[in-house]
Amino acid sequence: MSMRFAPSRPLGAGLLAAGMLAALAASATAHPHVWITVETTVLYDKGTFTGLQHKWTFDEFYTAMAIEGLDKNKDGIYDREELAELAKVNVDGLKEFGYFTYPESRTLATTGSSTRTEPCR
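My numbering numbers the first residue of the sequence shown as 974 and each following residue consecutively.
Wrong hints could be hidden among the right ones.
As the list claims (entries may be wrong) - Derived Cβ-Cβ restraints for the label pairs, each shown as a range:
1. 1039 with 1077: 26 to 34 Å
2. 1070 with 1034: 18 to 26 Å
3. 1019 with 1065: 33 to 41 Å
4. 1050 with 1077: 32 to 40 Å
To be verified - Derived pair list, reagent style PhoX-like, types lysine-lysine, alpha-carbon separation capped at 20 Å:
5. 1061 with 1028
6. 1068 with 1019
7. 1045 with 1061
Since the hints were derived computationally from the structure, they do not count as laboratory data. Please read these numbers as outputs of a predicted model, since none were measured by experiment. We put the beta carbon where it would ideally sit given N, CA and C, even for glycine.
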């Protein structure tokens, strides 16, 4: 006498779901992510707010990929001119995702007895 295995519908549905999740996981791991650390400095001139300065530090894996071939003079140092095109590509590519800060002129409350409007340049 032989036994025949007949999978039930729940088991078949479970296997199908597991297969779909595995396929999605494979495509998700293929999508690269970039980690960015941002430091912001508030700029003042004679007590007046003049702007914000951002310093972005990209993760080591993205950095290694991004700077590959940029050291044109092969001195081991990536100077401003060598990095200019990379900076342009990053800025242009991130505009649509709202990565930038745009200060607006507003009336600011102060701890003193008055308020003032600080122009942004």
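Quick rundown of the hints versus the structure:
1. The beta-carbon spacing between residue 1039 and residue 1077, approximately 32 Å, falls within the hinted interval of 26 to 34 Å.
2. Our hint of 18 to 26 Å for residue 1070 and residue 1034 holds, since their Cβ atoms are close to 20 Å apart.
3. As the Cβ distance of residue 1019 to residue 1065 is approximately 34 Å, the hint placing it in 33 to 41 Å holds.
4. Taken as a hint, the range 32 to 40 Å holds for the pair residue 1050 and residue 1077, whose Cβ atoms sit roughly 38 Å apart.
5. For the hint linking residue 1061 to residue 1028, the alpha-carbon distance of about 15 Å falls within 20 Å, and the restraint holds.
6. With a C-alpha separation of about 32 Å, the suggested pair residue 1068 and residue 1019 falls outside the 20 Å cut-off, and the hint is violated.
7. Proximity of residue 1045 to residue 1061 is assessed by CA-CA distance (about 17 Å); at most 20 Å being required, the pair is judged to hold.
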